[in-house]
Structures are given as structure tokens and as C-alpha cells.
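Participant: The chain contents come next:
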Amino acid sequence: MKYLKFLKSSMLSIYGYFFFAFVYAPIFLIVIFSFNSNPVNMMIWESFTFDWYKTIFGFTSAATESALYLDSTDQLYAAVQNSLTIALTTTIVATVFGTAIALAVARFKFRLKGFYRALMFLPMIMPDIILGIALLIFFVSVGIELSVFTIIIGHCTFLISYVFIVVSARIADLDTSLEEASADLGANGWVTFRRVTLPMILPGVIGGALLAFIISMDDLVITYFIAGVDSQTLPVFIYGMLRRGIKPEINAIAAIMLLFSIIIASVGLYMRSRKS
Amino acid sequence: MASLETNERRRRVILLGLLTPPTIFLAIFFLAPLAIMVIYSWLEPGLYGGVIWNFYDLNYGRILGWADSKYEKFDLVYLIIFLKSVRLALTTVFISLIICYPAAFWISRMSEGKKNLFLFLITLPFFVSLILRLFAWVLILRPTGFLNQALLGLGIITEPLHIIFTDVAVIIGMTYIFIPFMFLPLYASIEKLDLSLMEASADLGATQFQTFRRVIFPLTLPGIIGGSIIVFIPALGNFIVPSVLGGAKVMMIGNLIEQQFLSARNWPFGSALGMIVMASVLLLLIYYVKIMAREDQMTSAPAVKEVS
Amino acid sequence: MTPILSISDATKRYNTPDGNVITALDNVSLVVEQNEFVTLLGPSGCGKTTLLRTISGFEDLETGSIQIDGSTVTHLPAHKRPVNTVFQKYALFPHMSISKNVAYSLEVSGVSKSQITTRVGKMLELVGLEGFENRKVNQLSGGQQQRVALARSLIAQPKILLLDEPLSALDKNLRHKMQQELKTLQEEIGIAFVFVTHDQEEALTMSDRIVVLSDGKIQQLGTPEDIYRRPENEFVARFVGEGNLFDGEVTQSTTKGASVTLTTGQKTVVSQSGLKKGDKVKLLARPEDVLIGKSSNTKDITFNGTVDHVNFIGAEYQILAKSKDGTSIKATFRPDVEQRDQIAGVGSDIRLYVPKEALHVITKEKVI
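Protein chains in written order, with the numbering used here: chain L, 1 to 276; chain C, 1001 to 1308; chain F, 2001 to 2368.
Here chain L stands alone, though its shape is the one from the complex (with noise of 0.2 Å):
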């Protein structure tokens, strides 16, 4: 019986390390091949080399000139900073409207109280698509040119309902009483919101900015329809290059995003973990 059991509990452990696995495994191959010399198939292992990263950063050697896959540098160059630019702009809009959202609804009374909670709930339950292709019609139609500044817009008409879930969850736990302590002991409205109130939800504040630049940095199908010729993103950049066929650039371009992604994810996570 007692065998049975462990049996029984180490068989499932065994399936969550499968599980982890699988979702590790696809991550590990981008890194390790990007390493492959390989310039044919990136899957044969061939010899360890540097090429592929020595070819973003501009740099040619002699596999890749015999056969020059990247277009350019300067269009890699360019979506990188076209990326950066539009999630540093978009984190700091959705992140100060979506925080003064969530303050405006956990700590006054309102009638539209109930409006404005299904206007943050209403991107979360829409296939982006739909999004897309409204602000593609928008843009269109009242004439606005396809640009970096299209893409800004767009990324926050749907990341300030994200930044509003998780402030909302923060402020949610913070005890009015509080704030009410503060004005009890003789402080004004701002000066409760300076000393009390932001420092106790700026771990929310930061954790929705952070998922904000995040989610900015990687969207692609918003993107991909708001895109004008010249405001190519970096996602965009990368669908691009995936359907104009395969490069062994794309492995080093991918391995150096994973890891900016998951140290980002990482600070994030752990001031969250830390503060709770």
C-alpha cells in the first residue's frame, strides 16, 4: 500500500519534470543552436561558433560573407529601437492612466463606477485581432499616417487596463484604515497619497509597469496592423524574416531577447514575491 503510494506520487513527479520539459526544451534548443556553425540547416550540429551574434552586431567573418542572410543590420537596428522606443512611451501613458483608474475607482463614489470596470475588463476578453483591425479602420479613416506614434497609441489603448488589474489588486489590499490613520493624525489628501497610499501600492505600480513594457516589447498581432513601412517593431521584424524563410541569425537575435525578457521577468517576479 504504502509502496503504491509513493509509487503513485513519484510517477507524478516524474510527469512534472516531463512538463517542465517540454516547456523549457524549445527555449534551451534557440539558445544552444544559436551557437550551430551550421549556415544550412540549424538543427545539424556542425562546430561552436560566434558568427551568428558577430552578424547582428555588425560584424562580418567569414561564414557570413560567403552568404549574407541578414538584409541588413540597419533594419534590425532600427525595429530594435522602434520597439524600445514605443514600450518605454507606452509603460509610462498606460502605467500613470491606468493607475489613476484603479485609484479612481477603489477610493471614490461614482456612478460610472461599474462603466469604467467593463471598459478595463474589455480588452482582456478581446482577441487582440479585433483590436487590430479596429485601430487599423481608426487610423485609416480619419487619416492618421501608419507610424511609431499609431503603434504607441494602440499598445496603450490596451495595456492601461493591465496596469488597472494589477494596481487594483494592490490597492485592494490595502486597508482604508490607513489612509483614514493618516488624516487622523493630521496629514492632507496629498500628503496621505505621498506617504501612505503610493508607498504602499508602488510594488503594484512597478509589477503593472513592468508587465506593461513587457507586453509592449513583444505584441505582435496589434502591431502587426498598425505598423506603418517604416515603424517596423521588432516581433514584426522577426514574423517578417520567419516568413521570408528561416536565417541562422534569427537563432542569435532570439537567444539575446530571452534573455533581456527574462531578466526583466525575473526583477519583476521577485519584487512582487518579495513584497508579499
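Each hint can be trusted.
Among the chain L residues that face chain C by a calculated CB cut under 7 Å, a handful are:
1) Pro26
2) Asn41
3) Ala100
4) Ile133
5) Ile137
6) Thr157
7) Ile214
8) Ala254
9) Ser261
10) Leu269
Everything labelled a hint here was simulated from the structure, so no lab data went into it. Just so it is clear, CB atoms sit at the ideal spot from N, CA and C, and this is done for glycine as well.
Following the hints, put chains C and F in place on chain L, whose structure we already have.
Facilitator: Relative to the frame of chain L, chains C and F by itself:
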């Protein structure tokens, strides 16, 4: 001395200050575009991608079956593509559920520290670029890809399998990218499970299977339904996965919409297709809210009731 | 001397989500004198916390006015009122150290740094927490957090200290200790305390005066003895302490008292004046006033029956006896050493009586 009115007025001013800028922003760039899309779906498509401002119900007629004028023809293919998308999305939901349920159980039984580490590891891939995760599967599933190399090398197969550009590849890809979506709601409801309920059930003479069916399953149902919906919605409207892993061979409703906007340039028809997707999502959610309201009543009664 | 707090005709109503209106305060008037310890006592939902929150400024009154030390504060926001609150769960700021918590009100009102340091030091000394300055809130026990909350709300020298069930989160022994400490502290610093609780024992122990509230109305306002011995209505009699209530009717009334006939047919006399012949009344007898044995006075209430239940609670025994006609009576005894073995067992016959002097007449059910 401040009067009641000025106190109240000050709060109003602060509230307006908080709400006005985001409200204006969202009204212009979120609600207006959605409204315009709804209007577009009822307009007549013009030549070269424009619209003619006439009320026109044949965008829907082409899909749902009442178009027989000389301009638009009803074609069953749109409904078939829609139903195929539903089928692929449902398959994805089902497979990710089967994969995640035992894993969530496994993690829920760990010690506190280990639990946090594994939850962190589960959430991490969510932050890795979606297009990269799909790209990885291209490398794995291609005829010359990792999977075929490995299977050929081991002598299990003699000819490469053609998985990529099939429904199976699309389902694998969608399952992979939506695993965190399914896992987290499932885990939330499994973690809440009181282990003593299972002991009580066993104590009252239920077999392991009966305990699962009568105690564990009903109590984790909210997580199952929640996770399923969170996976179903983005899977239904997806066009990136089919275009990367399905190639030209697998067409889902998302690809059809994309085509209408970026190559066929029939925006009203594309909007109508989008509305159909949106409507099915809303119907599903209304159904979900109703189920959850019933579920609430059920679980508010003592859980032991399920065992008797 | 002007009273430190005076509330007149305070009314406050709430709309519930399902469309009903709850009257939390219904024309409440209350005066608290300087240095007084006043307790607001009542069951949950009686309006005691609402009353406290209108004094601190967290709730606005619909009608009525509040004066603190002679000046009207009715519509002043909380941060401008010279009162401070100790919250139910203390509401200490978790992101600040103990000394920062205590210093908060001085910092926000711009007191100089050096002065803050000395005053915080003194305050922590007063509550017995010197040396805890740099600790975090979550490193303290419940009792210590309680003291920090006290120090924080006293440091700005409020005119009144408001306490919202501050002891409810503590265990029983600590609660008793804190009751004593709070009382001593109040006498030492000499400011008025308004204390909210639902624990009648706590109210009786600590207060100079008690306000019993129910349904947003003051049921009775008086010293602990008044409330316990001379409840003005049935609600107060039942809410504070245990008691036996006998129904009866006034048969004769004089300036010195009245004759009352109980529904059981027994006749008794009470010393209350102002009753009218034919008044329906209830007579209250506290369990400790019910005695064992045969009465020598025919006007005492007597009771013959059997013991239905005996509860042993350490220092005393509680007995519930039933008579043949179904009426029951509660009595408590503190037997001395020799009597201990003679406590009647369940089922045995018992003879009890209430001396007529111990009876208190109640004419009203409740203030409504």
C-alpha cells in the same frame, strides 16, 4: 471653515482629474475605433478597399447564408473555416487542460519555497516573446528539424514526419504558448483544495476515482472553466500560429480576417468576420457568468455535501 | 468648564446596495466632559462605530452638529480635527519603522526634527517601548503594536482620544492587562477617551460613563452602576449582564412606591415612584441577587422548583431552576468552603427567593 459642500467638491475635482485624461484617451482611441468597426461591418465595400456609405447586410449574408444578389455570393467556406477554428481552439483547450492538471497538482503539494520557484518557472515563458516560442517549434517540427533528426537518429522512423504545416502543428503551437494561461487559473483552484476533504472522502469509503469525480473535480471546476475560457478566446481569433506553423495549408478565421484587411482589402467583410468572432466570445462569456453564478450557490454550501 | 465634546441631534443614514436605507445614527445627542472616560457600548450594527467615525471626521453627519472644546468641527475634514484615533486593527503603517509611525503626525505638521526625536523618545518610554525605534511593525506582538498605536495617536496631544475596539484582537489575559493600563494612562495624561466596544464587561470595568446604543439611538447614558443596577429599559437590562425578568402589573401606587402583582399571582412591592395603577411592568432581578432558602418577608418573590442545569465556572455556580408552571429562574452562588458539597444536583428540589429590595422596575422595552 470648510463646509460639507467644499469637502465634497474637492473630492469631485480630484476624481475628475484622475478620470478625465484616460477617459478622453480611451473614448477616442478605444471605443471610437470599435464603434467604427461595427459600423464598417454594415457598409458596402467599395472598389480598391474603400467603403460606400450605404447600409449593407450582405457582409454578414456572405457568411451566414442570405446573400444571393449579383454582388455577393453565400459561400459555405467561411462557416467551415469558422467551425474549424472553433475545433482547433477547443482541441487546444482540451490538450492544455490534460497537460496542466496533473502538473498543477504536483506543484500544489510542494513545500512553500519550492512551490514559489516552480510557479516562477511556469510564469517565465509567458514573458518570452511569443514569436520566438513559435519559431522554436518551427525549428523542431520542420522535416529537417530537431524532432525528425532525433527520431531518425534513434532509428524510430526511416522517413521524416511531415508535421509542420498541418493542424497538428498548429495545435502544438497554440497549446505551447497558452500553457501559462491554462495553468494559473487551474493552479489557483487546486491549491485551495483542502487535503482533508480527500481524506474525508476516502474515510467515507470512496475509491480514488470516486473521490476525484465527486470531490476534486467539482471543487476545481471553476479553475477548469476559467482556464478554458482564457485559452479559448485568444486561440479562436489567432492568426499568427496558423501562419507560422500552418503555412498556407491551415487557415483559421484569424487568417481570413487578416487577408481581408491586408491583401483582399475588403474591410467591411473583414469587419463582419471580426464581429462574428467577437459575438461568439461574448456569448461564451455570458454563458460563463451564468455558470459561475450557479457555481457560487453550490460551493457556498458545505463542500462535504458532495461526498454524501 | 466647557465640555470637551458635545454632539447634538446627530443623524446619519446609509443606502444599502439592495436599495434599503439604514439609519446608523438617529438624533443622537451626547456630552463628554474634560478628562472623562466614556464608552460607547452596543451590539454590532448599533451605530457606535459610526458615531466614533463622525467624531474623528471619517463620516459626515446628515444633520446635527459636533463641537470639540467649544468650537464647531461638524464639517471639518479629519486631518483638521484635534482628535486622534486608535484603530481596531491598529492601522500601523507597515512601510515605516516604529519611530516613523509614532512621529508621523508631528512630521506632517512640520515640527522640527530635534523636537520630534525627543517627543518620540518620551512617548515610546510612556508606553514601555524604548529601544524599539527601528523595528518594523511586523516584528512586534499584538500587544506591542497596540502600544505603538497608542503612542502614535497620543503624541500630537489630541483633545480627545478615540478608541475603536482596540482590545478586540488581543487574547483574554493581555486584554485584561491592557484594560488596566489604558485606564491608568488616561488618568495620567488627563484627556478624555471615547472608547467603543461590544464587550460589556470591558465597558463596566473601564468607564466613567457608558452610552448604550441600539438601532442608532442612545438607550441609556449613565455610570456603570446605573447601567447595571438601574437599566432604563428591557434592552439595556438584557444586553448588560444576565438577569431574570418577571412580568407584572401595578395594582397600587403611592409616592413612596408601588404594589405589583406578577403574572404568577405573587404580590410584591417596589420603591419606584411615578408608576400608575394598571401599568404593565417588568421586574429585574440579577442572578447574584437570587438567594437560596425560604424568605421571611411575604413581599419577597419566592420560587419553588427543580434544578434544571448547573454550570460550574470556577469561583461561582450558575443554577437554572424550573418551576412546575414552566417559568425558570437563573441564580449564581459563591458558596464558601463548608457549603461547597451541598450544591443541589440536577433534578433535586430547590427553593429560591428574591428580596424585594433587589427588584428594579422596567416600564419600557426600548427607546425607538
